[in-house]
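If you're matching them up, the sequences are chains A and B in order.
First residue of the first sequence: 106, per our numbering; consecutive thereafter.
First residue of the second sequence: 106, per our numbering; consecutive thereafter.
Keep in mind that the hints are not guaranteed to be accurate.
You can't tell identical chains apart in this list, so a pair holds if it fits in one copy or across any two.
Stated by the list, open to error - Heads up, simulated DSS-like pairs for lysine-lysine below, C-alpha to C-alpha not over 27 Å straight-line: (1) Lys314 / Lys452; (2) Lys201 / Lys251; (3) Lys201 / Lys297; (4) Lys225 / Lys324; (5) Lys251 / Lys172; (6) Lys457 / Lys347; (7) Lys225 / Lys172; (8) Lys228 / Lys297; (9) Lys201 / Lys346; (10) Lys128 / Lys255; (11) Lys172 / Lys452; (12) Lys201 / Lys128; (13) Lys452 / Lys201; (14) Lys228 / Lys457; (15) Lys171 / Lys346; (16) Lys314 / Lys299; (17) Lys172 / Lys457.
None of these hints come from the bench; they were simulated from the model.
2 protein chains.
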Amino acid sequence: MNDIIRIGDEDIIGDFITRIEYKVPLFMCVIGNTETAKVPGISAAGANPEITDYTPAADMEYLIYKKCKCIEGVPITPEGIPTPAIITKASLELSKMPLLIANGGVSVFPSVPYIDFGGKSGKNITHGRAVENPIEIFEKAKIFGKMISKVVNYLVIGESIAGGTTTALGVLTAMGYDALDKISSSLSINPKNKKKQIIDLGLKNTNLKIGDLKGKPFKAIEFFGDPMQPALLGLVIGVGKKIPIILAGGTQMSAILALIKSIECSILKNIIVGTTRWIISDKNSDLRGIINQIDPEIPILAANLDFSMMEYEGLKAYEYGMVKEGVGAGGSVIASVLSSNNQINMKKIQDKIRNNYKELI
Amino acid sequence: MNDIIRIGDEDIIGDFITRIEYKVPLFMCVIGNTETAKVPGISAAGANPEITDYTPAADMEYLIYKKCKCIEGVPITPEGIPTPAIITKASLELSKMPLLIANGGVSVFPSVPYIDFGGKSGKNITHGRAVENPIEIFEKAKIFGKMISKVVNYLVIGESIAGGTTTALGVLTAMGYDALDKISSSLSINPKNKKKQIIDLGLKNTNLKIGDLKGKPFKAIEFFGDPMQPALLGLVIGVGKKIPIILAGGTQMSAILALIKSIECSILKNIIVGTTRWIISDKNSDLRGIINQIDPEIPILAANLDFSMMEYEGLKAYEYGMVKEGVGAGGSVIASVLSSNNQINMKKIQDKIRNNYKELI
Numbered sequence: 106m107n108d109i110i111r112i113g114d115e116d117i118i119g120d121f122i123t124r125i126e127y128k129v130p131l132f133m134c135v136i137g138n139t140e141t142a143k144v145p146g147i148s149a150a151g152a153n154p155e156i157t158d159y160t161p162a163a164d165m166e167y168l169i170y171k172k173c174k175c176i177e178g179v180p181i182t183p184e185g186i187p188t189p190a191i192i193t194k195a196s197l198e199l200s201k202m203p204l205l206i207a208n209g210g211v212s213v214f215p216s217v218p219y220i221d222f223g224g225k226s227g228k229n230i231t232h233g234r235a236v237e238n239p240i241e242i243f244e245k246a247k248i249f250g251k252m253i254s255k256v257v258n259y260l261v262i263g264e265s266i267a268g269g270t271t272t273a274l275g276v277l278t279a280m281g282y283d284a285l286d287k288i289s290s291s292l293s294i295n296p297k298n299k300k301k302q303i304i305d306l307g308l309k310n311t312n313l314k315i316g317d318l319k320g321k322p323f324k325a326i327e328f329f330g331d332p333m334q335p336a337l338l339g340l341v342i343g344v345g346k347k348i349p350i351i352l353a354g355g356t357q358m359s360a361i362l363a364l365i366k367s368i369e370c371s372i373l374k375n376i377i378v379g380t381t382r383w384i385i386s387d388k389n390s391d392l393r394g395i396i397n398q399i400d401p402e403i404p405i406l407a408a409n410l411d412f413s414m415m416e417y418e419g420l421k422a423y424e425y426g427m428v429k430e431g432v433g434a435g436g437s438v439i440a441s442v443l444s445s446n447n448q449i450n451m452k453k454i455q456d457k458i459r460n461n462y463k464e465l466i
Numbered sequence: 106m107n108d109i110i111r112i113g114d115e116d117i118i119g120d121f122i123t124r125i126e127y128k129v130p131l132f133m134c135v136i137g138n139t140e141t142a143k144v145p146g147i148s149a150a151g152a153n154p155e156i157t158d159y160t161p162a163a164d165m166e167y168l169i170y171k172k173c174k175c176i177e178g179v180p181i182t183p184e185g186i187p188t189p190a191i192i193t194k195a196s197l198e199l200s201k202m203p204l205l206i207a208n209g210g211v212s213v214f215p216s217v218p219y220i221d222f223g224g225k226s227g228k229n230i231t232h233g234r235a236v237e238n239p240i241e242i243f244e245k246a247k248i249f250g251k252m253i254s255k256v257v258n259y260l261v262i263g264e265s266i267a268g269g270t271t272t273a274l275g276v277l278t279a280m281g282y283d284a285l286d287k288i289s290s291s292l293s294i295n296p297k298n299k300k301k302q303i304i305d306l307g308l309k310n311t312n313l314k315i316g317d318l319k320g321k322p323f324k325a326i327e328f329f330g331d332p333m334q335p336a337l338l339g340l341v342i343g344v345g346k347k348i349p350i351i352l353a354g355g356t357q358m359s360a361i362l363a364l365i366k367s368i369e370c371s372i373l374k375n376i377i378v379g380t381t382r383w384i385i386s387d388k389n390s391d392l393r394g395i396i397n398q399i400d401p402e403i404p405i406l407a408a409n410l411d412f413s414m415m416e417y418e419g420l421k422a423y424e425y426g427m428v429k430e431g432v433g434a435g436g437s438v439i440a441s442v443l444s445s446n447n448q449i450n451m452k453k454i455q456d457k458i459r460n461n462y463k464e465l466i
C-alpha cells in the first residue's frame, strides 16, 4: 500500500517530490472566523453553531500544548467526532517540522504565539461585506512570507476556520468557477442547498452575478470570502517565488489556487495540494474537478490514511465521510513521511493518532 | 582597521565566530512601550516625551518599508538625530538576513506583520507594577523561539523601546546588580539621577530593597521592567538550547543576560553581545562592568562604526555620544559582515547608511 496517493502528471509530481524529499519544511496554520459558520447546518467544526467561534483557537492550542485552553476537551462535530488537529499533531510530533500560527482574523484569540496581519473576524457573506481589509492582510502576510522564505526549505500551509468551505465556494462562484457540486463539507451529508442559498443571497445583496468578480481577487474575498484567505494567500505569494509549497487542505484550497492564479499565476508551478484520502474519494465533492478549471497541471497528493481498523468510533467516523480534512492534516502527514527517509510511515502516524485520541477520552 | 572589535576571551570569541561565520541568521526585533519613557528627560527616543510612544512602531515600519507610516519622517531625538534603525536597515539591505518583528507589548501598533505574545504596553515603574503578565509573554515567546530554532542557523535579536535603559536599570537593581553608574543612555548626558529617583520611588512603592528580587526574574520584570524584556527573554531561552545568539544592543541587553542567568544559565554559553563602538567607548557607561557581574566569560563584539567623516550633522552626532545603539544596530552590522565572506565591510555599510540618511532629508 502506498502511503501517498498521487493524482496528476507523474513527471510533475516526481519533480516536485525530488525538490522536497528528505527536507524539513516549515508548517504554518492560518486561522480565522466567519459569521457564515453560524448559519445552522453549515459547519460541523463545533458541537453547535455558536461554539464554532472557538474551533480555530482551540485547534491551535491543541497543536501547541496537546490540550485546549479556551474550551474543555477538543473541537468536535455535533456527533462527537474529533478535530483533524489530532492528525496534524501526530505528524508534528513524529517529524521535526516547526509550527508557526498565523491569525487571519479571529473572534476568539488562541492562547499561543501567533503572527498578526491586522485582520479581524469575518462577517456573514450573505451581507456582501465579509472581510474589511483583505489587501492589508494580504500585503502584511506577503511580507512575512518573503522573510521566512529566506530561511525555510519549503512551506506546508493549512487552515482552521469553521464555515470555510462555504466562503471558498463564495469566492469560487464570484470568480466564475463551477464549484457548487464540487465543494466538500465537514458534514457527511453536504448541505449544498444551504450553501447555495447563502451565496445567492450574497450575490443579490451585492447586485452581482456569478463570475462578475473574475480577475478581482480582493473584491471576491471582501464580499464572499473569509479573513483566513488573504492571510494564507499572502503567505503563499510571499514565499512562492523562492520555495515550494504544499497547500494542505481540501476543496477550500481550490479557492486559494484561484486567487493565486489571478494575482501571480507563475507561482502555481511551485505548488501542490496535499490532502487526505477521504477528500479524494469523497463522492459528494470533486477537488480535482475544481482544480482542473484553474490549472489541470497542479498535482494532488493524498495521505493514504485509513481509520477503518481503529477501535474508536470517533476515529472510525472519518471513514464514513465525517470531517475528512482540516488544520492541514493531510499535508502534514505527507510532509512528515517525505521528510523522514522512510522512518515515518502511515502505520506509525496512525498509531500516534490512536494514542492521541486515547489520551483525550 | 578591524570592522569588528572583540572584547573578551579570544578562544571563546574565535569559537563563537567559527559557529556563525558565513551563515545567514534570522534577525528579530522586539518592540514594546513603557510609560517610564514619558518621564521628562529620560529618553531621547523621540523628539518629545509623548511621541516616544510612536518610536518602536515607526522604527519597525522603517525597517520594512523604508519609511514610517505612523509618523512623518523617522524617529529622532529632541536634537534631530535619527534613529539607529537606519543602521539596521543598511545591514538588512546589504545582507540576506530576514527580519521578523515581535510585539512584547505596545501602545502604538506598527503597520507591519508581527508576532504577538499577548503582552500589553508597560506602566511607569515608579508605581511598582510595570508589566501585567510577564510569564505569559515569556512562555509564548519561548514556544515561538523553540519552533524557529528548528529552521534557523542562528539568531540576532535587538529591541526598540523608549525608556528601555531605565527599565533595564530597574531590573538589574532589583536583582542586586551594581548598574547605576554603568547603564547607558540615548542622551549624550546620561540622566542618572533621574533614573535613580524613578527606581528609588519604585522600590519605595513596592516595599523592596536593592537586591530583594535576586533569583526572581519575573517579579523583577513585573515591578521594574518593560514588556519587551519577557518577549526577548523568552525568544532567547526558546532558541538558545539549539542555536547561537547575538544579543544586539547596548547596556539594556545586560538586564536580559541577568534574567537568562536566573532562568537557564547554561544558555549564556551560546550568547555574545553585539553592539556598537559608541557603546563600548562611552565614558558614561560600562557594559563590560555590568556583564562581568553576570558572567565575565560572555564576549562583546562591537561594530567599528565611525561617523566622524559623515557630511551630515545628524549622523556625525553619533560620534558625540548621541543615540549610540538601538534597534539591534550594532549586532545587525556584525552579522551582515560575518555572513558575507568579506563581501560586506564597514565602508559598504557606512555608504549605505549615508544614502539611507540622504533619502530621508
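Against the structure, the hints:
1. Lys314 / Lys452: neither (48 Å within a copy, 60 Å between copies)
2. Lys201 / Lys251: Both. Shortest intra-copy (22 Å) and inter-copy (11 Å) distances satisfy the 27 Å Cα cut-off.
3. Lys201 / Lys297: neither (39 Å within a copy, 48 Å between copies)
4. Lys225 / Lys324: within (16 Å within a copy, 34 Å between copies)
5. Lys251 / Lys172: Result: close only across copies, 18 Å inter versus 32 Å intra.
6. Lys457 / Lys347: Between. Shortest inter-copy distance 26 Å satisfies the 27 Å Cα cut-off; intra-copy 33 Å does not.
7. Lys225 / Lys172: Answer is both; intra-copy 25 Å and inter-copy 25 Å each pass.
8. Lys228 / Lys297: within (20 Å within a copy, 53 Å between copies)
9. Lys201 / Lys346: Intra 24 Å, inter 15 Å, cutoff 27 Å: intra and inter.
10. Lys128 / Lys255: both (15 Å within a copy, 12 Å between copies)
11. Lys172 / Lys452: within (24 Å within a copy, 53 Å between copies)
12. Lys201 / Lys128: both (10 Å within a copy, 21 Å between copies)
13. Lys452 / Lys201: Cα proximity of Lys452 and Lys201: one copy only (18 Å, versus 41 Å across).
14. Lys228 / Lys457: neither (37 Å within a copy, 46 Å between copies)
15. Lys171 / Lys346: between (34 Å within a copy, 22 Å between copies)
16. Lys314 / Lys299: For Lys314 and Lys299, the Cα distance is within 27 Å only inside one copy (18 Å; across copies 67 Å).
17. Lys172 / Lys457: Answer is within; shortest intra-copy Cα gap is 15 Å, inter-copy 49 Å.
Figure legend: structure checked against the earlier numbered hints; hints not met, in rising order: 1, 3 and 14.
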